[in-house]
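J.: These are the residues of each chain, in order.
2 protein chains.
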Amino acid sequence: MPLVPERLLLGPGPSPVEPRVARAMTAPQLSHLDPALMSMLDAIRDRLAKVFRAGEGAFTFAVSGTGTAGMETAVANLVRPGHRAVVIVTGYFGDRLSQILARYGATVSRVHVEWGRACAPAELESFLKAMSPPPDIVAMVHAETSTGVLNPVAELCRLASAEGAMTIVDCVTSLGAHPVDVAAWGADAVFSCTQKGLGAPSGLAPITFSKRALQFAEESAAELPGYAGRRSFYFDVRLLKDYWLNRKYHHTICAPLVYALDEALEIVLQEGLEERWNRHRENHLALVEALSPLGMDLLPPPDERLWSLNAVKIPDGVDDAGTRKQLLDRFGIEIGAGLGPLAGRIWRVGLMGYGSSRDNVATLTAALGSLLSPQINSGRRAYQ
Amino acid sequence: MPLVPERLLLGPGPSPVEPRVARAMTAPQLSHLDPALMSMLDAIRDRLAKVFRAGEGAFTFAVSGTGTAGMETAVANLVRPGHRAVVIVTGYFGDRLSQILARYGATVSRVHVEWGRACAPAELESFLKAMSPPPDIVAMVHAETSTGVLNPVAELCRLASAEGAMTIVDCVTSLGAHPVDVAAWGADAVFSCTQKGLGAPSGLAPITFSKRALQFAEESAAELPGYAGRRSFYFDVRLLKDYWLNRKYHHTICAPLVYALDEALEIVLQEGLEERWNRHRENHLALVEALSPLGMDLLPPPDERLWSLNAVKIPDGVDDAGTRKQLLDRFGIEIGAGLGPLAGRIWRVGLMGYGSSRDNVATLTAALGSLLSPQINSGRRAYQ
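Respectively, the protein sequence lines represent chains X and R. Each step along the first sequence adds one to the number in our numbering, with nothing skipped, and position 55 is 75. Each step along the second sequence adds one to the number in our numbering, with nothing skipped, and position 112 is 132.
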C-alpha cells in the first residue's frame, strides 16, 4: 500500500475518526454469527435507539452500507409501486431522495425550496392542502449537506402525519451533532451514517423504523407474494431484523466497522447528547465569528444554519478550486466544494463529531487567512 | 467496547485477516474524493482485473457492501422485468440468486441439483434445449459455500452463451483460492467478497462487468427513462462507474476497507495466483488426509470438492452443536454449521486466504480428535 497522507478532514464528511474508535477497529476479527459479536450488535441497537430517541416498538439497527444505503433501505421498505410521494427538496440530498423514490415506483411530487433556505412549514402545509388524495409518503432531509441548512422536521413531520402519510427523514448530517428526536417527530423511517456526527469511518448506516413502518413492511410482503414486491434483498428490513434479532444469517457484517460504531456510540453517550449538541453549536458559532474578519459569511440565514456543516460564501475574486487545492497540499486540510447550483459559490466546512473543536476552527481560519489575504488584496487592486 | 475474544476463523467465512492487511487499516483516514484515495481505487481496479482475469473492455471495481451486495449489483444491472432467467441451484446461494432475480422481476426457472453435487454440463444442456425461446440470463454459483461443491462454470457459461444468454457467476468462495478466469469463461457479471480467499475483512464486494453487460446497462437505462427501470440507486453500475472512473460523488466509500482490499490484493499478486491456488489445494488435501484417521470424510465426490471450504460429514453419534460450541469455547476455533437440508449432517470447515495453512489443519484436527474420540467411543459402547 502507498504512504497515506495525514489529512485534517473539515469537509462535508467523512469527519476525523475518534482515536478511541481507530484503536477499537484493531481488535481481533469475529465472524458475523459469533456470540461475542452478536452481543455487540445488541449493545449497538440499544445505544442507537438512545441517540435517535426512537419510539416504543421501533426497530433500530445499522445497514451494511453507507448513508445512501440507509436512504435506499428506508425507501425500499416503505414504498410500493404506485405510491404517491411528496419530497421536500432543499438541495442535493432531497433530490437524491426523490430519485430513489421514483426508482422504487413512487409517483413523486417535489416541494421545491431555494437552495440555501429551509422549507417553511406553511409551504408544505399549502402543498399538502392542494393534493387530493393525500400522499402515502412525505420524505425530507433534516440537515441538507449541500446547502448547510437545517429543516424544521418536527413541524414538517407533524403536518405529514396529520394527512395520514408515512414520513422518511434523512439525518445523515445531523445525528450526533444536532437534536434528533424520532419519537417526538413521529417519523417512520429515519437514517444516518457513521462518518459525520458519530466520529467513525463510513460503511454502516444507522436506521430506525417505527412500529407502524415495520407493520407496513410485513403486510406489504404478505399482499405481494413471491417477491413480486420487487424489493431489494440486501435492504429488506424483514430479513435484516431476522439477522439482528434472531441471529439468522443474511449477510456477513464487517466486524471492524461494528467495533468502530460500538465504540463511537459509547463515546457519544459518555459525552452526553445535549453536551455534544452544544459543543457543535459553540464551535459553529466560533467559526462564524472567526470568518467575519476575513470578510466571509455563511449562505443560509442565521436561524436556518447547520452546526455540523457550514456553507461558507466564497469571497469575490477568490479562486475556488485553487484555494482548496492549496489548503490540501500546503496544510493537509480538506474542505468541500459546492454542489450543483452552488458550485463555485460556496465552500462546505464540516465541524462534525471529533472534528468539532476550537483548535480546528483556529487552524482552518489561520490557513484560510494566509491563503486569502493576497488573493482578495490583488482582486481589490485589479478593480481600483 | 467489551473485550473481544481471539478466534481461529475456520468457518465458511470470514477467514483470518492477513496481519499486513490489519496493519494497513490503521492508516490515516482519507475522504472518498481525496486524490490519494482515488489513486488507490485505480490500483484496486487494476489488481482486481488481474485476480478475476477480466476481459477487454470490462469494468472491474468493488461495491460498498458484502458479497450479497455484489450479487444484487449483478442482478440489478442485468435484469429487466419480464426477463427469463435460468438459475443453477446446487445449494443455499444458488437459491439466493434465484430469489434476488425474482425480486428484480425475472421469471425464474431453476435447474435443481442434489445438495452436495455439482451441476453436470449435460444437465444444463438438456434444460436449455427444452426452453423456447432461450433464456435472457443464466446464473450460477462457482463455489457453493453451503455444500462445499465446485461447479464447472467454464462449460456452463459456454452452454449459456451458445444460447445467447448473459451469464452471472457467484465467485464469493472461489476468488483468490480457486482458478477464476472470467475472460475465458466469457461471463458477463462476476462478483465476490473480500473476507474469504482474499484475506481482508468483509464490507466490499469485488465485481466485474463485461463490455457487453455494461452496454446492456446503458441501453436499458435509455429505453426505460425517468427511473422507470426501478433499479437500485446504490447498486447502479452507471453511477458507480462515474464515481470509480470520473471521481463523481455517489457514496462515501470506507477508507479503511479500501486500504484493506488494496493491501490484500497486493499480497495475492506477490504470492502469485497459481501458487495461491496450489496452496489452497494442498491444504485441502492435507485436511482430508488428517480427518481420515478420525473416521471423517467429505460430502462431495473428490473431483467436485472445493479447496476453500470443506463439507465434512458429521460422524454418527456426534453432537453437532455441542462439538462446535466446545471447539469455540475451549479452543477458540470457529467452524460452520450445515445449512438447510444439510443442517446437522455436515460441518463447514474453511481453509481460505491467510487461513489456508498446514498449521491450521493440524490445530483443528488435534482439537477435533480430542473432542470426538470420547463421543464416538461412547456411541459405540451404547450400541454394543
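Be careful, since some hints might not be right.
Given that identical chains are not distinguished, each listed pair holds provided it fits within a single copy or across any two copies.
Claimed, not checked - Here are the simulated DSBU-like pairs of lysine-lysine, each with C-alpha atoms no more than 30 Å apart in a straight line:
# : residue 1 : residue 2
1 : K149      : K333
2 : K70       : K333
3 : K345      : K261
4 : K333      : K231
5 : K345      : K70
6 : K231      : K268
7 : K70       : K149
Note that these hints are calculated values from the structure, not bench results. Fair warning: this is a prediction, and the values are worked out from it, not measured in the lab.
J.: Could you run down the list of hints and mark each one as holding or not?
T.: Outcome of the hint check:
Within a single copy, K149 and K333 get their C-alpha atoms no closer than 36 Å, and across copies no closer than 66 Å, so neither meets the 30 Å cut-off. Proximity of K70 and K333 under a CA criterion of 30 Å is satisfied in neither setting, with 36 Å inside one chain copy and 46 Å between copies. Taking CA atoms no more than 30 Å apart as the test, K345 paired with K261 passes between copies only; the shortest distance there is 24 Å, against 44 Å inside one copy. In this homomeric assembly, K333 and K231 never come within 30 Å of each other (Cα to Cα): the closest approach is 42 Å inside a single copy and 43 Å across copies.
Taking CA atoms no more than 30 Å apart as the test, K345 paired with K70 passes in neither setting, with 40 Å inside one copy and 33 Å between copies. Proximity of K231 and K268 under a CA criterion of 30 Å is satisfied intra-copy only: 21 Å inside one chain copy versus 37 Å between copies. In this assembly of identical chains, the alpha carbons of K70 and K149 never lie at most 30 Å apart, being 35 Å within a copy and 58 Å across copies at closest.
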